[in-house]
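Asker: Chains G, H and S with the ligands: place on chain A using the hints.
Quick note, the sequences are listed as chains A, G, H and S, same order. Heads up: the first sequence begins at 1 in this note's numbering, then just goes up one per residue. Heads up: the second sequence begins at 1 in this note's numbering, then just goes up one per residue. Heads up: the third sequence begins at 1 in this note's numbering, then just goes up one per residue. Heads up: the fourth sequence begins at 1 in this note's numbering, then just goes up one per residue.
Think of the hints as simulated: they come from the structure by calculation, not from any bench. Hints should not be assumed to be uniformly reliable.
Below, computed lysine-lysine pairings styled on DSBU-like, alpha-carbon distance capped at 30 Å [to be verified]: (1) G/K153 / S/K125; (2) S/K237 / S/K316; (3) S/K303 / S/K316; (4) G/K146 / S/K237; (5) S/K125 / S/K196; (6) S/K314 / S/K303; (7) S/K93 / A/K153; (8) G/K146 / S/K196; (9) G/K146 / S/K316; (10) S/K125 / G/K146; (11) S/K128 / S/K181; (12) S/K196 / S/K237.
Residues of chain S clear of chain G, computed beta-carbon distances all greater than 12 Å [to be verified]: (13) P104; (14) Q133; (15) D162; (16) N166; (17) R169; (18) R282; (19) D285; (20) M293; (21) R302; (22) D305; (23) V306.
Every residue gets a Cβ at the ideal spot worked out from N, C-alpha and C, and that includes glycine.
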Amino acid sequence: MNGAKKIVGVFSLLLVTCVATSALSPYFLTSYNLENLLRRTSLFGVISIGAAFVIIVGGIDLSIGSVIALVGCLLPWLLVEHGVSVWMAVPGVLGLGLVLGLCHGLLVQRLRLQPFIVTLCGLLIYRGLARGITGDQTVGFQNEFKGLRSLVKTRFPLPGFEDFAIPSTFVILLIVSTLAIIFLRFTVWGRHLLATGRNESAARHGGIRTGRYIVLAYMISAGLAGFGGMLFILDVGSAQPADFGNFYELFAIAAAVLGGCSLRGGEGSVVGVIIGAALMQVLQNAITLIDWIPDNIQYAVIGAVIIAGAISDEGFRRIVSHRRLRSP
Amino acid sequence: MNGAKKIVGVFSLLLVTCVATSALSPYFLTSYNLENLLRRTSLFGVISIGAAFVIIVGGIDLSIGSVIALVGCLLPWLLVEHGVSVWMAVPGVLGLGLVLGLCHGLLVQRLRLQPFIVTLCGLLIYRGLARGITGDQTVGFQNEFKGLRSLVKTRFPLPGFEDFAIPSTFVILLIVSTLAIIFLRFTVWGRHLLATGRNESAARHGGIRTGRYIVLAYMISAGLAGFGGMLFILDVGSAQPADFGNFYELFAIAAAVLGGCSLRGGEGSVVGVIIGAALMQVLQNAITLIDWIPDNIQYAVIGAVIIAGAISDEGFRRIVSHRRLRSP
Amino acid sequence: MILQARNIVKRFPGVLALDGVDLDVSAGEILAVVGENGAGKSTLMKILAGDLRPDEGQLLIDGSPLRLRSPREAMLAGVSLIHQELSLADNLDVGANILLGREPRIGPFLRRDAARAEANVALMSAGLDIDPAASVADLGMGSRQLVEIAKALSTKARVLIMDEPTSSLTAVEADRLFETIERLRDQGTAIIYISHRLGEIERLADRVEVLRDGKHVGSLVGSEITRDKIVSRMVGRDLDRTRGLRGEVDLEFGTNPPMLEVRGLRTSRFPESSIDLIVRRGEIVAMAGLVGAGRTELLRAIFGIDRPVAGLISVEGEDVRVEHPADAAAAGIAFVPEDRKADGLLLEEPIGENMTLPNLSVHARVGVIRHRRRERAVARELIHQMDVRPAEPDLIAGGLSGGNQQKVAVGRWVGCEPRVFLLDEPTRGVDVAAKAEIHVLLDRLARSGVAILAASSEMEELLAVSDRVIVMHEGRIAGDLARHEVSEAAIMRLATGGDREGATSR
Amino acid sequence: DDAGPSSAVAGKGDLRIAYVTNGVADFWTIAKSGANAAGDDFDVTVDVLMPTGGVTDQKRMIEDLVTRQVDGIAISPIDPGNQIDVIDAAAAKTPVITHDSDAPGSARRCYIGMDNYDAGRMCGKLVKEALPQGGEIFIFVGRIEQDNARRRRQGVIDELLDRSVNADRFDEPGTAIVGDKYTVLGTLTDQFDRAKAKANVEDVLSKHPDVDGLVGLFAYNPPLILEALEGAGKVGKIEVIAFDEDAETLQGIIDGSVAGTVVQNPYMYGYKSVEVLAKIARGEDAGIPENGMIAIPARTIRKGDVNAFWTDLKKKTGKE
Ligand SMILES: Nc1ncnc2c1ncn2[C@@H]1O[C@H](COP(=O)(O)OP(=O)(O)OP(=O)(O)O)[C@@H](O)[C@H]1O
Ligand SMILES: Nc1ncnc2c1ncn2[C@@H]1O[C@H](COP(=O)(O)OP(=O)(O)OP(=O)(O)O)[C@@H](O)[C@H]1O
Ligand SMILES: [Mg+2]
Ligand SMILES: [Mg+2]
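With the rest of the complex left out, here is chain A:
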C-alpha cells in the first residue's frame, strides 16, 4: 500500500546513510557504537511514536520537549530532593504526562482551539514550571537509584556475539511500537482514529465518537513524551530544566513526517516513524565519527539530508507514477 511505499523512501535513505558512514568511518560498525545507536533510537522512537498519533488525527504537539523537561526534572526532584518513594514518584510523573495530554485534547476538542496554539502554550508553560519548581537548579540522581536506572541501563547479551548486547530501551521500544501497530492496524479504534484524522465529519456521520479519539491521541502523545522524559533522565542521570528536551518536539515531528505521516492527518506508519528516528540518530552519530565534517555544521548536515531525502522521494514517486501512465 501507500504506507509501504513511503517507508521504502526513508528506509533507503537510512540505508544509504549507514553504508556511507561505515565506508567513511571504521568505527561505525563497532558493536559499542551500534549499541549506542540502538539505545538512542529507542529513546527518540518512543517520543516520535507519540508525536505520530497526534499527527494522524490531524493535529500537532509542540509541547513534547517541555513535557520531557517537566517529567524528567520532576522525577529526580521528587526522588532525591523530597525523598518520595519510587512507587509513588514514577506513576505520579507518568500520570502527569497523561493528564497534560488530556488537557490538550479537551482544549482542542471541546473548545476548538488550534492545536498549534494549545501545545505551544504547553511548550511555554511546562518549561516554565520545570524551571520554577526546581528553582533553575540542575537535578539528578546523584549516582543513586541504580535499581530504577537499570530500566534503561540493562543490557541483554546476545549469545554468539562478543561485545554486542541488546539495550533494554530497545526492548521497551519494541513493546511500545508493537502495541501501537496493533492498535492502529488491527483494532477498530485504530481505524476510527485514521478516519477521524482525515475527515472528521465523515467519521462522525459514521457514528464514531471522534472527540474521544482526538483526546486519546493527545493523551498518547503527552503520555509517551512523559514516559520518554523518564527514560531520558534515567539514561542521562541529570537534567537542566532550562534546556532538557529542548527542540525534541521538532525531532519527534520530523521523524514522524519522515516516516510517512502526513500533517493533513489520517496517514502514518509506526515502522516508518521508528526508521525516521533512527535516521536522525545515525546522522548525528555520523557527523561525530567522520573526521572531515566539522562538528558545528551538524544540524546543517541533518537538515540537508532530510530535505534531499524528501526531494528524491518525491522525484522517485513522480517517475513511478509517470511510468505507470506510460504503460497502463
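Answerer: Coordinates of chains G, H and S with the ligands only, in the frame set by chain A:
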C-alpha cells in the same frame, strides 16, 4: 467583519495586561520603558508579519529564527571581518533572505513537500551554516558602523513630551505594516493570496496562479525574517551564531495566531499580528518589572496568558453567536 | 408511523431555516420531500439523523419521544442518512468507508474477511463493480456517490434518508438504485427521498411533501404526483418546461467558425484514446456518458487543471498553450467544476467576493483595487442576475443552500464574459426553477456567441438545452449526435458501449 | 590498560585528542586556539566538540568519541555531580581529564582550570574598587543553573557582603540581598538570548533608575549592558563590572565605561588539556600534582593592563 472581532480579543488582552502591569509596577508607564517596549514590539512585529503571510496561504515557516541568525551573523561578518562595503553587504544579506524564501516556496509549491518539513530543514541548515561560516565566533560591530546602526538607534523626539521619543524601528514597523495592509486589503494580489489560503483548489479553478502566491508568501516571510535579523543585530550589536534568534519563529507564529491568523489559512489581520507581538513583549516586560513574579517562570506566565486569552476569546465568541441566534 | 417530527424549528445566524415543520414516514413507504433550493430539506434531514439539534420541536420514534445528540444515536435508533455533500475519508479504502463505525469485530479487533465480504455485498447492491480494497481517492464523484449509497444500504436501517443521492449519477446507475429502493420498501423500510430531478419523484414516490421557505406547504399522494403539480406547489406558480429551449434557435452551426477546437487530446487516465472535438460559435454541446466515462477528465484537461499527455487546444482559431487554469482563463475559457465545495467556491468568503474573484483585475490599476464600490455593484448585479437567494453579497457562501451555491459557482464566470464556457454538471443539486434559469442563461450566452461545452448526467437536461450531444464511453468519444438524432435511447446505447448505427436506425 | 590502538607504538602524529566544551561560546573558541596550538606543539590531532543540546548532547558526544577510540578526552562537564557515571564509563576506555569545571570523585586523571567562586570574589573586589562608597548593584548572567555561573555569582555576592569563603552558599536570585554597604538588587537570566539580555538591562533601568553598578557575568553580558546604557544615555553614569574578555568589554575598559573585568585563561585551558592528554597517551610524565588540580588562575584586568592583555590575546587567537 470577522477580522475586527478577532482583533478585539487580543486587543482587550493587551489592554488588560497593560492596566494590570501599570497597577502592579510604577515603572511600567515611564517614558523610558514605553520607548523600550515600542522598539522591541517593532522588531518582533516585523518578523511576525512575515510569519503571518505564510500562515495566510496555509503554510508555516519554522525557519524564521535561523534566517535571523544567518542574516544577523553574516552582516557584521561581512562588514567587520571581511571589510565588505555597506552598500554591498546590506542588499546582499537582505537578498539572501528573499532567495531562501524562494527556495522554500518552490520546494513547497513545485515539489509539494510539506511546509513543516521544508522549513524545519531550513531551521537546521541555516543555523548550521551560520555557525560554520563564522566558526562559532561571536560576531559584532565592534563599536563601529554607527551610521548603519543609527537605522535602529535614531529617536524622533515628540514635541511636548519631555523624555519620550519615537524609536526609528517603530517608523520602520509602520512602513512595513502599511505596505502589508495595502497589499492584503487593497490589491488584486492580496485578494488572490487570501483566496489561495482559503481554498487553493477553488482559487486555481478561478484562474488564479496560486503557485506564485504561495512562493511569494514564503519570500515575504523569509525576506522579512532577514530584514528583522538585520534590525536585531543592528540593535543588539553582536550575535553568537549558535543561539541568535533561537525560538523566534515560535514567538512570531504565536503573535500571528494571537492576532487572528488561522493556521488553516485564508485569514489574517496585520494590525492583529502587531498587537499580538506587542502582547508578548509587554508580558515579558511585566514579568521583569513586577517583583513577585520569579523571572524563571516567565515562559509559563506568557503561555498561561495566551491560553487564557484563547479560551476566553472562544467563550466570548460562543456567547455572541448564541445571542445573535436568539434575536435574528 | 415509524418516525415523526413535530413542529421543528431551526435557526441559523440570520436565517430561519425551518419554521415549525411536521413530517412523518411509515414503514414500507417512499416519501419524497421536495422544495426549492434553501427550502430547508437538508436541514430537516440532518435533524432527523442527529447531525443537527432542533431549536424547538421534537422527534418521535414508534410514538415515543426521541432526543438525538449525535449521528451515532440516530443510527442506534435505526435512522440512516446519505448526505447531500459527500463525506468519505479518502485515506481509507472503499470497504473501510462503507463499514465505518460498524466494522465486524471480535472485541476490539477487526475481522478483515468478514468486512470484505460485507462490503462486497453492499457494493453489489449499490451496483458499483469495484474492489472493496480500491482507494477512495481514485474515484470520481459519481463512484463516490455510489459508495455512499452502498454505505447507507448496508446499515439495514429502518428509516433510510437519501438527500439527492443521484445528483452525479446517470440514468443507468439511477435505475439500478430505484430498483433497490423499491425492493427495500417492499421489505418494510421507510424511505425518505430527496431529489431535484422530478422525473425520479414521479416514478418512485408514494407520497410527496413540499417545503417552501422552511414551512410545510402541502402534500401530494398517489396520482396527484405529477411533475407539473409538484412544480406549482414548490415554486408557488406554474413553470414553463425548458424542454426544447434550443429548438427555436435557427442557426446553421456547421458554418459558424469553431470557437473551441481540441485536437489529439490524450488525458493521463485514458492515454490511449485521442480526443478531437469542435465547439462552434454560439453552439451548446452537451457531453453524456456513464459514471467514470471521462467527461470530467476531458474538461479538466482543456482548462489546464490536469496536464494532458498530448494534444492541442485552440480558441477562435488561435492555438493556446494551456499549462495552468490562468492560461485558459486568459484565453477566454471558463470552467464550472463538478465539486463546487472543493473546487468551486471559497465557502468561508462572502458571496460577493466569490462572484468577483476571477475578474478582480478589472477593478484595479497596477494591482491596486481602486473601485471597491464598482466591484460591489458588479457583485450585486451578478447575484441578481443569477437569482441567488438570499441576495446578500456579505453573506458567507458556505451558508447558502446547495443550489444557490451552484448559482454562485456559475455566476462568477459570467462576469468575465468568456468565449468558451465549460461546465461540469452545471445544475447538480439545483432546483427546477433555478435549473430553468441556468438553462436560459446558457441559452442567452450561446446566442451572444459563446461556445458552451457542458457535461451532464441528467437526461432531461441533455435533451433540453443542447444543439449536439457528444457521448463518451471509457475515455473516448463514442458518438456525436446532432440535434435531430438525440434521443434517450440513442444516448444510452452509445454510453453503454453500443454502436451508433443501432442507435439511429430505430 | 586498554587505551586503544594508540598504546601499540603509534607513530608520531597518529594520536587523536578530543576537547569537549560545555556549549558554544567565544570563550571556547579561544580555548580551541589553545588546544590547536598544543596540537601542533605536541604533534597530535585535536578535535574540538561543542555540544548545543545540554547534558544529553554532551553524553552523546562522549560516547561517540569513545567509539572513535580517541586517545584522550578533555571534558568540561555541564553538570559534574550527575555526570560521574558518564565520565567513568569513558575513563574506562581512554584517559579523561576535566577542564573549566571539575567532577571530583570521578575517574578523571586531573582537573585543569580555576575556581569560579574565587574568580567571582575577584569580580566582587572590582565592584568594591568601582564603588568604594557602596551602593546598589544588579547581576546579569546567561543561566544560573550552570555550576560555573552559580559559583561565580555567589563569589561576587559573598565578597560584597564580606562573608566567609564558602562556595556552597546559595542566595535566591529573586530577592534583594542587603549587606552593610552593598545591596544586590537581583539577578536576571536570559538563556543566551541576546535580545532578551539587552531587554533585561533596559527593564532594570526602568525599575531601578538609581542603580549604581551593573555586573555582567557571561562574556556577552557586559557589551549588552553597554548597549542598553547607551540607549538610555547613561554610559559612564552607572558602573559596569565585567567578566571575560569580549572585544567590546576590553574597548569599554579603554574608554573608561567599564571599570574592569575578570578574565580566565581559556587559551591555557585548551593548551594545557591537550598537553597533559598527549603526554599521558605517550606514557610520559604529565606533571599532574598530588591533588589532581592544575590551577590556571584568573586575572583582573583594569585600565592599566588592558592594552597589553588585548595585544597578547589577539596574537594567540590569530587575529592580526
Ligand atoms: N450551516 C449553516 N449556516 C448558516 N445557514 C445555513 C447553514 N446550513 C443551512 N443554512 C441555511 O438554511 C436554509 C436551508 O438550507 P438547506 O440546506 O436545508 O436547504 P435545502 O432545502 O436542502 O436546499 P438544496 O436543495 O439547495 O439542498 C438555507 O437558507 C441555508 O442558507
Ligand atoms: N470506477 C472507477 N474506478 C476508478 N476510478 C474512477 C472510476 N470512475 C471514475 N474514476 C475516476 O474519476 C475521475 C473523474 O471522472 P471521469 O471524468 O472519469 O468521469 P465522469 O464521466 O465525469 O463521471 P463522474 O464524474 O460521474 O464520475 C477520473 O479521474 C477517474 O480516475
Ligand atoms: Mg439540501
Ligand atoms: Mg464528472
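Asker: Quick one: which hint numbers does this structure break? Sort them smallest to largest.
Answerer: Per hint list: 1, 2 and 10 violated.
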